[in-house]
Each structure stands twice: as C-alpha cells, then as structure tokens.
Amino acid sequence: MHIKFERRVEYSRKILISVPVITIALSILISSALLLILGKSVPLTMYSFFIAPFESFYSITEIFLKFGPLLLIAQALAIGFRAKVWNIGAEGQMIMGAIAASAVPVYFVDSTSIFLLPAMLVLGAAGGMGWAAIAAFLRTRFNANEILVTLMLTSIALQVLYYLLLGPWKDPQGFNFPQTVLFQDEALFSPLFQATRLNTSVLIPILFTIGAWVFMEKRFGGFKLQVGGLAPNAAIYAGFSAKGAVWRSLLIAGFAAGLAGMSEVAGPIAQLQRSITSGYGYSAIIVAYLGALHPIGIIFAAFFLAVIQIGGDVALVSAGVPISAVHVFQGLLLVFYLATYTFVNYRLRILRPGKSLPVGATS
Amino acid sequence: MTTIEFFLAGTMSAATVFLLAALGELVAEKSGMLNLGVEGMMAVSAAVGFVVTYETGSHIVGFTVAGISGVLVSLIYAGVAITFLANQVATGLAVGILGLGLSALIGRQHESLTVEAAGGIYIPILSDIPLLGPAFFQHNIVVYLTLAIAVAIGYCLKHTRLGLAIRSVGENPNAAQALGYSVHLIRYGAVAFGGLLAGFAGAYASTIYTPLWADGMIAGRGWIAVALVVFGTWKTGRIILGAYLFGMVSLGELIAQSLGASIPSQLLSSMPYIVTIVVLAIISTNAARLKLHAPFALGESFDGSESK
Amino acid sequence: MSDSSTTPLLSLRKVSKRYPALIANDQIDLDVMPGSIHAVLGENGAGKSTLMKLIYGVIDADGGEFIWDGERVELRNTATARQLGIGMVFQHFSLFETLSVVENISLTISGTRKELAKRVRELGATFHLEVDPEASVHSLSVGERQRVEIIRCLLQDLKLLILDEPTSVLPPQHVRSLFDALRKLQSNGVSILYISHKLEEIRELCDTATILRGGKVTGIVNPNEKTARELATLMIGRNIPQIEARAHKRDTDTPILEITHLNAKNPDPFGTHLSDINLSVYGGEIVGIAGVSGNGQQELARIISGEDLSHRLSDATIKMLDRPAAALSVTDRRNLGFSFVPEERLGRGAIPPMTLSQNTLLTAYEKGLLNNGFIRKDKLAEYASQCIEDFDVRCSGIDANANSLSGGNLQKFIVGRELMLKPKLLFVSQPTWGVDVGAAVAIRQRLLDLRDEGVAILVISEELEELFEICDRLHVIRDGTLSPPLISSKVTPDDIGEYMIGTANSSDNLSPGVKESTYAHQV
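Chains as they are written, first to last, in numbering that gives the first Met the number 0: chain A, 0 to 362; chain B, 0 to 307; chain C, 0 to 522.
By construction, these hints were calculated from the structure, which means they are not laboratory data. C-beta: ideal position from N, C-alpha, C; glycine also. A couple of the hints might just be wrong.
[As the list claims (entries may be wrong)] Covered stretches of chain C, going by a simulated chain A footprint (3 or more residues, C-beta under 8 Å):
| hint | region |
| --- | --- |
| 1 | 275–281 |
| 2 | 298–311 |
| 3 | 326–334 |
| 4 | 355–363 |
All chains should be built: construct the whole structure from the sequences, respecting the hints.
See below:
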C-alpha cells in the first residue's frame, strides 16, 4: 500500500478554513506529549495558555499590546511572501526602526515639543525601510539572495544596537546598564486605559490592515505582486517588473517593521534597550502563514499568537513550563500548517496493491 | 601558543563547524532539496550533544546521539517538504524556528555549564614541528575526519552511481523517475545525510570548539553554512576554501583583542555577517553562471504527476 | 513458453487510468504481437502518452490487467518493465544534460564506463544509430539524443520498444533513417509500439494500429488497408475540418516588423546563440519560422516579445510599426500594437491558479479594466465573457481557473485575449501545441482571417504541415541562424528539411526581393 497526493481541480473553502483548526489541534497534541515528558501538568498548562490570559482586564490589554506589532509585521510580510520575496529579517528592520526613532528623544532629551512623536514615527518607518532597502538593492542589483541577506542584516542590526547601548547612547545615570534614558512623555503614545500599557499605537496595525486588504484585494499593484509570486514567467510576459516587486515587498515590510519597533520604544518599553523586539519579527512569519497570507486570516492568527505569548508567561509562573516551550509550540504551528495546507491543493489517495504474480525476484 | 599559531589553529577548528554543516547541505541541495533548517538542526544537536557528553562524559556518545538528533530534525523537514510537497523555503524556516525552540528546551538545565574539551591527536614528528605542528597537527580527530568526508563527498558525487543518482533527481526528477529511481527516497536520504552532518557540526561546536552550552550559541553559523554552498557554487573544493575563510573571519574578534586593536567589538562580531553579504553579492552578480551551477530542480517539490 | 506466433507479446485488458478532471484511459484493450510494429493513433489528449506510461510503469493503473507473454504481470515501476524487456523513448527525453552519454546510460545499465562506451559504438554501427559515447548530452542534437535513448533500450534485453511521437522532433530526412533503424530492430525480433498522430507515417511503417479517441479504443485496423481520411475519421470521429484560405496580397509596402543583423550571445552554455538574424513581416501576411526545437526559437521569441532585454541591442536592430523597438519594454511594445502568444500556456500565457477573468488582467489591463489603479471587477467579467463567447472557449465560466481548462480551450482563451487587443502585429509561438484538432483548426482559421484584415503575423512552429497550411513565407531556424525567406507555395517539406539539417544550397528557393510587388500569395 502506498500513499499518493493528487492535484485537486476544484478548491474547497471548507478545507481552507479547517487547515488552521487542524494545525492548532495537532500542535496542542504534540505539545501535550512534550509536557508529559517534561513532567508538567497538561490541564494546568492549557488553562494557563488559553484561559488565564482572559481572566483579567489588564491581561487582555497585554494581549492587544502584543497583537499590534504581530499584526502589523505579519500583514507586511504576507504581501512579500505572496510575491515570493522572502524577507526573513523583519526582526532587524524592527530594531533599526526602534533605533532611528529613539534618536529623537536621545538627542532631544529635554524637548517637550509636540513634534517629538511624529518625528519618531517618520524616523521609525524610515529606519526600517532603509534597512530593508539594503536587501532590496543587493537583490535587484547583485542578485543576492534576500533570505540570507535579511537574516545577516538582522544579526548586524543587533550589533549596532549593542554598540549604541554600550557606547554613545548609554544612559549616563543608568548604573552602566545597556540602555538609554527613559523617554519623556511627549515621546510616548498615550495609554488607552488607566494603569495599562496598551496605547494609541494599536491604531497603526489596524489602519495598516485595512490598507493591506485594499492593496491585495482591490488594487492592480497587489495583483501584479501576486502574479510575480504565482507565475514569475507570466509576470515577465505581462511586463510586470520583477525588480519592482522586490523593492515594493521589502519596503512595505521595512515600513511596517520600523513602525512596530518605534511603537515599542515609544510605548511599553519607553526607552531603547537590548530586548526591544521580543522576537516579533520571527513570530510574525508564523502569523503570516497561519493566517493563510490573507489580510483577514492574519487578524485571527495574530490574536492567537498574542494569546499564546501571554499564556506562555502565565504558564511559566503557574505550571513551571519553560518559556522556550512557547517557541517550540510556534515552530510546531508552522510545521503542521505547511503539512496540512497540502490538502488545499491535493487530495490523498491510498493505493492498494492488487494480487498478482510477482515479477522478477530482485533488480 | 604564539598569535600566529593560535590564529592558524583556531581557523582550522572554527572552519570545521562551517564545513560539516555546509557539506551536509551540499548533498541535500544536489538532490534538489533546499533545506534552510540547518541552523535549527545544528542548534538541537548542539544542545543534545552537550547534554549527553556532560552526562556521560563521553564525546563519542555525545557525537553519536547528536548525529541521530540531527537526522531526526531533518526528517521533519523531509516529511513536510517531500511527502507533503510543502514549499521548501517555508518548511526550512519552520524547522529552523522549531529547532531553536527545542534546543533551548533541551539545554535549559545545562545553561553555562562546561564539558572538558576533547583532546587533539598527536602524530610523532609532525605535531612537534614548530609553528606548523600546533597550527595544523594537534587538532581533534574530527577536524581531519571532516576533511576526509569532504573529499569523499566530492568523489562520490562525481564518480559513483549513487552520486549520479543524487544529481539526477536534483536536475530532472521527472526523468529520474522515468528511469526507475525513487525520487522521494533519494531525496529523503540526501536530506537525512545533511541532518547527520549538521548534527555533527552542532556537537563539534558545543563540545569541542567551545565546550560549553549557552542558548543561541550557534549564532547564525547554520545560515552561513547555507551561504557557503552558494559561495562554493555547489563544488566541494570551493566549499572547503569558503569554510576556512569564514573560520578565519570568525576569529577576528579574538585576534583583534589579542593584538590590542581598538576596534569596537560589535563591528568585529558583525564581520562574519558583513563578509557573508559582500561575498554573496559578488558571487551572485553573474546570475546566469550561478543558475548554471545550481541543481536545476533545486527548491521544487515533486508530486510525481509530471507536467500535464 | 507460449507459442510465439499466436500469443501476443503484450496484452492489455480493460486498463483504466483516471485523473481528477478526466478519464485518460477508459477500459483499454491492446494486443501487441511479437515482431510487430504496432501504432497507437490518436489526436492530442486522446490518452496515448498516458497509456504508454502505464505500460512502462511510470504511472500506476487504476484498473485492468497486463499480460506479458501469456502471464499476468503487475507493472508497478519502470525497473519491472525493463526486466521484462520493455524499453521506452520519451517525447521529452529522459536524459540529463550535464552528464555524458555513457554517464546517462550507466544510470540504468550496469557495467564500467569503458565497456558501456564500447557497446554503444557497436550497437550504433549495427543499427545505424551512431553517437559519441563520451559526448556531453547538452552538446547533442535532438536526433542524436533520440539515438542515445534507443541505444539505452537496446543495451538491455529488449523485446518491446515504445516510442512516443518520435518524429515530431526530426527533420523529414532523419525520419527515414529512424524508420530504417526501426525496421532493422523489427527484423531482429523486437516488437515496437509506435505512438503518433501522423497518419501517413503510420501507414508507411506500421502493420497494426489501435486507434484511441477520448481515452477509448475506437478501432483496431491494418493501416495499409485504410486511407488517411478513413484513419482520420476514426481518430477524431468526423472528417477533419478544413480551413478556408483565400488568396491574399500583402497590404503594406514597408514591413510592420523588421529585424536586421540581430546577434545575441546566450549566457547559458546549453543555450543557442543567435547570429545575424534578418526577418521582416508585412501587413497582411503570415511569416512562419520552422525548425527542430532547441535551435534558438525560444531565445528569438523572448527577444522579439521584449521579455529578454538583457542583450542591449542597438535600437535599430528591431523595428516595430516604424519605431526602433529593441530597447522597448513588453508594455511599450504592446502599446505600439504588438501582441504575443507564448508557447507555454500555463505559467506564462496564463496564471494557472487564477480565474479566467483575472487572467484577462494580465495583458488587457489598459482596456478600461482599471480605475485609478483599482481593479474594476465588472469590466473584467465583461471582457472575459466576451472572450469566452467570441472564441468558443469551453469552460465552466469566467470564474473557472486557468488550470481547469483543456489545452485547446486555454489556448483559444489566450489567443482570444490577445486578439481582443486589436494588434497590428501578432506573434504566435507554437499556436497549436498539444491542442485538439478542432481547436487547432479554429485557431489557424482565426490567424488567416486576421491576415486578411491586414494584420502582420509571425508564427513559430515545429509542425511543418501547419506552417505550409497558413504561411505565405517561411524561414527555417537552425543553430541560431535563420534561412532566407522562402515562398511556401514554391517549396516542399523536403526543401525545408534540407535547411533544418543544414544541407540546403542557399541560392535555391530564395523568395523574390521583398520589394517585388508581384509576389504571389498562395496557400
């Protein structure tokens, strides 16, 4: 007996929707097995992951705090992924956005200008775009693979960050900690609710999502990008620029990641320090896929991953589950998503061998 | 050790990590499988190799188990990308992310512990030569075995039927299938072999090169190994050269410190990444030439149905 | 052992193969007698290739049985088939370009390279299939590659040789030497299964023909006793529709497309360099480019279409509609009134997983389908519906995905989409590749009608019959060079064949100077 995949002629919406559900179910199943091996309580962990995050208002606002950057970056990455432009370095673009935005409060420590925050927005976006532009330039001018370049640029961005934090931008009164001064209120988004960290920056991902939806579903520009990803030769035949697609994809991602980085330093963290990205740049890759690279699907996926990340913090305290388990779970999500997505394009056929005379003993 | 001895010896040792991983990736790519999960495979087996070596005190046991764990992780990639026909790039990334998570989980109770480094070999006369002896002839046996593996892979791909079979499924899987080769089986084998070598590379990194465990210690070396295959334009000899070049570059930080140069350490830490980008740009400029050397069907899933 | 004169070497009983969209083979019965040259005749899409792949074990059957020399066998893989003594020469060869001839052979045949090389030479001499065993496959011509494939089959204990459309890649002269080799094999006791859609060939070579239509057997005949017309009727179920061609004169005095001294080096060492290409197409004529595939057709097509701009040609090399066009982009050329139908439908001429209405957007987006960059879905639907209606595209509607259409219908859609752009210069590469007879005739008729309306048309095709049917003038491309223009009514297929293999005396058959106004247009 052997198993074979056969291409489908008709696509089924039912399967498309059940893919993330099955993915999550399988990931939970395997994670539970892992928890048993680690000797942790499965029910308590599941409770911590999926119920506890909703038990307090503060915790819910924390979910949305994580939801924002995940949504923002994932929407942008999905546009690139649909064009088969593999930007894996949103993490680095986010760091550069945070650095560029931080330049304003670092150099204008005493300023109370209302232009602080707008200037940071502009610089944050520019920082991310500038970093992504390096990859776009190297890809279009020298044909250098953007996967490797964006990854390497992320490692370099991290070193730039360390250099600034240990050197020129270090807070002189910071007891030698690698961090800048705490930013003044004028350089920060205003909180949405008392005593929570959720702030007005959450509007940026929401606006960006609407923009991404319009672009990918309604605009000719989005269509051109999709053609480049689905059938590169058709794009060349039609006269859609491949270089343009690379530039667009990377600049959009740099823009979004840069703003996400800016939102962190001008939001919950309120200064530049070593751990500003929380791995959003990588998690967003998973969000983009789990949302089927579709602007609407990504909203749900971003929310789900935000819940898990908050849940991971809870589980660490309540069930003693190491935080790396969250990373394993995210990895499982992507692995299972890719495997189950096959059923959207293929159907499984199981072939049974018929009874027959064996031919030739060996080859 | 003098600075020069230290530099030459360090280069050889550092290069071994890159070379093992790159050779494994070379074999996988020759069969048409672009496995971007090298970083994850190395991370898992570095953690496993360290933990096992630490607990058993045996480098051999540590290497063996690390190799097996590398194979197991590679089979996750193979299952999803070969049997389930998923996009190879995305699958490699997924395995990379999963592997990094797993390595942190496996190594969490051994953070910052150390094991005793495995000793080097001693060859009478050769090892005693001033300068050259310490630089080239006092390394761990793995360093020399890696070079031997490199030569063996080069020969196998070029001159044996197995090598021809691997190259044929990487060039034209439809034709290979028509000739009676099992494309999926050969690709599974090539990917698993890649996993084995990535496993050894991880174990070498965590138990011999720097015999301590720290989360994230692979630090992009798996990705550089992937880049090395491109740098070497899928040729064994050039990949060896590339690995030694990167071994040298990755020592820059230590060398500069020992010379007392006042270059920011972050710049030196960035050097391997910067060099990777620069070399990648130079090598890739001639797109037609690169395409010529790359396995023709690299990165394409094979569903056995032919274009119909 | 069975009695070899009455027991078929191979019998198929009710063999079926289903694909999600169609039944490729429906309860096929087939008997191949020992020492017979047996034709499997059918038009594109009739299921011939699928059947041969089932026999060779490349794909698995869904039902039915295979009987080899009186015993039931299971043909699960090609190794089993080869053990039985079955060999196959594929339409698109299963050779590896980067390997040498012996290396390719050693992939399936054991033995040292030295021994193998010796046997390749011996067999080559015996069957007139000479080929250099040490040569790299990429340096071989299509005909030589075919010989390598046949020799590879001969190196095993061969009892049945399957050939899939073997002459579609050969110039007429080489067809004869192939037939000689096949007859020699037959006299050595090898049975041959010969797949083709070419009636005359089958009548000349084969002693039995099994005819397939729509995946079913519609007849088993002795082709020598049937006329080509009778065979055709069995093959497509009716008389072959004829196209209507009227005598026509070219409409313009200056060429609509003019290419002068085009040289293009190919960076791919396996590719073809184009050298000194000169070509002109006037309004109201169809110019054809014949040639064996792989002689530079694809390279030339990409340069004319503007998809390949990497050669930095001087502006005057290509003139379109009186404009220097060598540096113009695909879009600029389209805006001048140029349209192109590429040979690959899925993935180049159309986006496979997108709907037909989305596929109109690929080239027709400037025909009012956009509003400030926003896609106008209603206009898209209108445009697609009209294309489907005008060009008789059989599909489930404008929301059908391109990859759900048959080759013929998708080709009609793409041709239709391009014709709706009202081009003044149309370039079609392989207009009827893999297309069923009905659609092929419809497409050729459209091209002729368009010519009569004054459009300049350039056609690249590997099918000589097609070119003779529709072209006013012909060029032959060989190894990246183009023959002088030939008046198609004044040359024979054999003359074209001479150019294909490079033995033509170039002073013969020249068409009159392009300025000559008495130029006869006949089809």
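Now the hints, each set against the structure:
For the region 275–281 of chain C, the assignment as covered by chain A is violated, since 0 residues bring a beta-carbon within under 8 Å of that chain's beta-carbons and 3 are needed. Coverage of a stretch by a chain is defined here by at least three residues with a beta carbon nearer than 8 Å to that chain's beta carbons; for the region 298–311 of chain C and chain A the count is 3, and the condition holds. With 4 residues bearing a CB less than 8 Å from a CB of chain A, the region 326–334 of chain C meets the requirement of three and the coverage assertion stands. For the region 355–363 of chain C, the proposed coverage by chain A is satisfied: 4 residues have a C-beta within less than 8 Å of a C-beta in that chain, meeting the threshold of three.
Hint compliance for this structure: hint 1 alone is broken.
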